[in-house]
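Asker: Required output: the full structure, derived from the provided sequences and hints.
Protein chains: 4
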Amino acid sequence: MVIVMKPGTEEDQVRRVMGRIEAAGLKTALVQGQGRLLIGVIGDKQMIATLPVEVLDGVEKVLPVTDSYKLASRQFRPDPTVIDVGGVKIGGGQLVIMAGPCAVESREQLFEAAAIARDGGAEFLRGGAYKPRTSPYSFQGLERQGLEYLAEARELTGLKIITEVTDVTSVDVVAEYADILQVGARNMQNFQLLRAVGRAGRPVMLKRGIAATISEWLHAAEYILNEGNYEVLLCERGIRTFEEYTRNTLDLSAVSALKQLSHLPVIVDPSHGTGRWRLVKPMAMAAVAAGADGLMIEMHPNPAVALSDGPQSLDPVNFREVMKAVRGLAAYMRSADDVVNA
Amino acid sequence: MVIVMKPGTEEDQVRRVMGRIEAAGLKTALVQGQGRLLIGVIGDKQMIATLPVEVLDGVEKVLPVTDSYKLASRQFRPDPTVIDVGGVKIGGGQLVIMAGPCAVESREQLFEAAAIARDGGAEFLRGGAYKPRTSPYSFQGLERQGLEYLAEARELTGLKIITEVTDVTSVDVVAEYADILQVGARNMQNFQLLRAVGRAGRPVMLKRGIAATISEWLHAAEYILNEGNYEVLLCERGIRTFEEYTRNTLDLSAVSALKQLSHLPVIVDPSHGTGRWRLVKPMAMAAVAAGADGLMIEMHPNPAVALSDGPQSLDPVNFREVMKAVRGLAAYMRSADDVVNA
Amino acid sequence: MVIVMKPGTEEDQVRRVMGRIEAAGLKTALVQGQGRLLIGVIGDKQMIATLPVEVLDGVEKVLPVTDSYKLASRQFRPDPTVIDVGGVKIGGGQLVIMAGPCAVESREQLFEAAAIARDGGAEFLRGGAYKPRTSPYSFQGLERQGLEYLAEARELTGLKIITEVTDVTSVDVVAEYADILQVGARNMQNFQLLRAVGRAGRPVMLKRGIAATISEWLHAAEYILNEGNYEVLLCERGIRTFEEYTRNTLDLSAVSALKQLSHLPVIVDPSHGTGRWRLVKPMAMAAVAAGADGLMIEMHPNPAVALSDGPQSLDPVNFREVMKAVRGLAAYMRSADDVVNA
Amino acid sequence: MVIVMKPGTEEDQVRRVMGRIEAAGLKTALVQGQGRLLIGVIGDKQMIATLPVEVLDGVEKVLPVTDSYKLASRQFRPDPTVIDVGGVKIGGGQLVIMAGPCAVESREQLFEAAAIARDGGAEFLRGGAYKPRTSPYSFQGLERQGLEYLAEARELTGLKIITEVTDVTSVDVVAEYADILQVGARNMQNFQLLRAVGRAGRPVMLKRGIAATISEWLHAAEYILNEGNYEVLLCERGIRTFEEYTRNTLDLSAVSALKQLSHLPVIVDPSHGTGRWRLVKPMAMAAVAAGADGLMIEMHPNPAVALSDGPQSLDPVNFREVMKAVRGLAAYMRSADDVVNA
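Respectively, the protein sequence lines represent chains A, B, C and D. Under numbering that gives the first Met the number 0, the first residue of the first sequence is numbered 0, with each subsequent residue one higher. Under numbering that gives the first Met the number 0, the first residue of the second sequence is numbered 0, with each subsequent residue one higher. Under numbering that gives the first Met the number 0, the first residue of the third sequence is numbered 0, with each subsequent residue one higher. Under numbering that gives the first Met the number 0, the first residue of the fourth sequence is numbered 0, with each subsequent residue one higher.
Don't read these hints as lab results, they were simulated from the structure. Hints are supplied without guarantee of correctness; some may be wrong.
[What the hints assert, rightly or not] Just a sample of chain C residues kept apart from chain B, beta carbon distances all over 12 Å, derived:
1. Glu10
2. Asp11
3. Arg19
4. Ala22
5. Arg76
6. Glu147
7. Ala199
8. Gly227
[As the list claims (entries may be wrong)] With a cut-off of at most 30 Å between alpha-carbon atoms, the simulated DSS-like pairs for lysine-lysine come out as follows:
9. Lys5/D - Lys60/B
10. Lys60/C - Lys69/A
11. Lys69/B - Lys26/B
12. Lys5/B - Lys60/D
13. Lys26/A - Lys5/C
14. Lys60/A - Lys323/B
15. Lys88/A - Lys323/A
16. Lys5/C - Lys60/C
17. Lys69/A - Lys5/C
18. Lys323/A - Lys69/B
19. Lys5/A - Lys26/C
20. Lys60/D - Lys88/D
21. Lys69/C - Lys5/A
22. Lys69/D - Lys5/B
23. Lys26/D - Lys5/D
24. Lys88/D - Lys26/D
25. Lys323/C - Lys60/D
Bear in mind that the values here come from a model prediction, so they are computed numbers and not experimental data. Where a beta carbon is used, it is the ideal one built from N, C-alpha and C, also for glycine.
Answerer: Structure, rendered in structure tokens:
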């Protein structure tokens, strides 16, 4: 942290500010500019983060030097984290596909979707049993019944299961059924939930909040890692901007930024990220080219009857076309000398 | 809902779209433009919201006509809701002040703050016992101990208590101590929590999510109202924008927008809304002039030692000055012929 | 500027960075942290701003310490600037009102509007002769003819004239007719235009760009001041956010922020700021309470036939009501001990 | 346009609204819902756009059905526009590369950059002679001298030239030297400039404004097309969001959205789009995979001494690596069955 003092601050005040910081066990260093003094603060960054120096007399502003997440950082673990989910490796250079409907609507719908996902070459079946919805009057999910259908679909197809957990009281039951627990965008800063999934003994996929900075997102991941669970995937799913044509603005630069800042694998969800099925294929391709470790794609046996998020779901024909395209591109990316993450 | 068909769509496809909607028990009406057909959809708006018509062949786009919240709307209840909290009325034309520290840090700090709040003329003492924090390494609150200090402070000062509840498992304990339950910005779409506070038997103050539209905010309120709890206050606390000088951008136009769209009382938090204590007074004044029913203000006996949010907290001297100014303005607003909400 | 070096940077690299900065005639100071080195850079801030240190080997990031505008800053001129426009003083504690239609549509429309503005107590008549419009097919203004109508209206009513200049080629002609030149939001960073109005010999009102930070806005003002024209007014007119209910989000915290950062007078435009005439009165009141020096309000003799921006224009009856309310509030604010800008 | 009437509006008012619209020569159609009336408006969309129906009594809101740009739309011209610049075809399936420094700084710097661009396989040399800068104290460009260096560099290397024109007074001189005129983000809605470049007899590359929606951008292009100049390229260069890690948020979904809405070629600028040279390669790859027709890349012989935008410029070694990677990917994309725009 660097403290910028107001122009013309007297020596006395500067000493008081430095004294206050040193009293907290940190070191200071004074830099004299042209009528402007800077104080560098040195020491444990978690402790620095708690100091309310902005309100001390004479302080004009405070510049943070480092982020306070640690376990999620590339410095902490220089090599990429590879998560092994029953033999499927995420983060190790192979593109992983998670596909399926937004919501589990019925046994038939799910099984049909699962067959299409498997035939298309996906490794994971996605599908919400617990659905967070903006309006209380929208379809809210089949809950435990949905989890059971997911488990049955796994039996039938061999696909792994990823599904969302929406509150602390259902972490245990979801962890009983799912291979990966998903924390949704609206819950990215539901810290009790983050702690709970950190103790659930399952890998966790943490979606980015619609207004979360990359730094806040990594801090949220830190809550999970801090409970001892290092199997965390980050999922970019679009941020909220002024643009109205797309439901969200998919921030693909976050993929490569995360690769530089963190060791955790990064998944991209072009379905929620755009809200338009016609944009899913080009954005899936772009995500692969940007270095994503996997894709989460909404697919529905019949989008026109979907109970939620129909407009962004691929139908089976389009799904197969996207799968073929992204697998081809992923193979090309690996074979090229100039791979993105080289 | 109005459905815009693509140019040149054939009659067959149009009929299929209309048939699909009518099969759901809704009515349709066809409007013929210049080579462009529109289909009006008529019926229950909650049912309309669930139709995935965007993915039907021939559909170009869908224009929603009405929002799907109902209990929170001004149409549902034309007169303003007045909430009576042990004799303090919120929403009835008197300005209500909620003041206190961001976090309950100690018995002494809280009691000192409570005395200042009471002497300044506040009706409510605020203070977080459970603190949601971006970083897991920041101070997280005194939890139950903090609630007990709050209850003691109520005994001593006669102030009512408002404090945040951060997850479903602590709703009961917080409801035991607090007069109003606060749901924070990060939890605005934590739907399980909304349902839980809807059944807790206490008034609820719902803060706006940092990236929530007014419509999403009213839908979130609808979750609470839908559980039978009609005592809901809305608190504007700034939204996230590109501007970096302020911590958030306080959206005061939301105050008057809410007054027109809803019957629920509106509180403004200029402390979080700006993140700078020097902006608290002008924004508090502006909020009163815009028609707010109350203010939530961070005040700390000694901001320079605060464990969280020091830079936006008023010290006791500034707090008294703000209180005097806003009370004077509120009295003027009531006396003037041309009151804002007339 | 403070330079944060990467962890583990070698002494050699640090010396090279410092050498490069010193070669530009600036001073450096080294601060040693825990495995992390900071370099403070001291000297002329305009020169510092041009240094591309981010790309030097070993540099992790650069923290700017001060903004590079100077003439617009409060440090440069500690007292508020008061602009005298033919006897009407702006910035001296009296609320100034600029009212009129979005566009000059005809002689009759303008004269009718001028009479209503004068009778309501405005000091300035606004009205666009040159209209920048999103679509090339929308009404683009009467141009020189419109300027002549404005001058005639000034003769008839005694009101001063403020009107927009949209490009360098029409600065002279607009300056011939107008008392204040307005630079619109879309042109806030049209630097040639800023320089041209800086030499036009007229006060200039600079509207905030829809995505401009306060810092960028003050830098844009600096272009005008730098040409020797110190009579600059800043006009907050809403920024672009994700909220869709209002056309823009009126950022009233910018009013008090500008009062602290700069000496220039601040005008608020609640009409463009909200895009809804029903929100104009509450936001005009809020602006006055926040300390604005003036208001720019769209009013039309008959909004339902306006050729542009009808939905946000007040009709004559509502205009009179708003005028009465804001004048009353301004008088109260001056009389109260606790004035906002005291 | 569809007009939503307020609940309970009387027949009289509805007739008045319809009468007003029909008086403008448009047709109306009434749709009766449950206590809610909708009026469909049919006719010329440019005329519809000028109607101020929101302010008519009884009108609740207005839903636009179609955008009012026409010449830029895919409906107007179903096949992609291919622009031939002295034999280099843009939009015809080949990836075009525009590379060079942000600003022309000197003859030597530019010639060195030009040689690197040519050797790397670029078709265009970019470089600003007129530089719009946030601060009046930053380097503003070599102006006409810079144009002459660009022309010399073209002679030497055979590269085509693209350079920015910042105001109407310099359109002619820039058009004399450049092969493509660039309109920068800050000038996207400088309508006089758009008209001027529409008459300049050169292809124009229109960069997206930092807060411009896709619709506004296409409307801006419409200004140029409307002057008879159909050789317009659109350049995505990032939008302003709350994210601070990147300078802007590169919106790659806009690439495919534009391909669906318009026939104009789309270029992507990953340098300004991210503001970090380490993100240029992954975002360039992603842009190609998303279907971009070309890339604009900042490259500097020695970024550490660049007078502007150093941190986002590639050095010669990285530039060659990026060129090799994107050319390889472009070749793969063409060869694959599953091309993005198929």
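Asker: Let me make sure I understand: some of the numbered hints might not hold for this structure. Which ones are they, in numerical order?
Answerer: 18, 20 and 24
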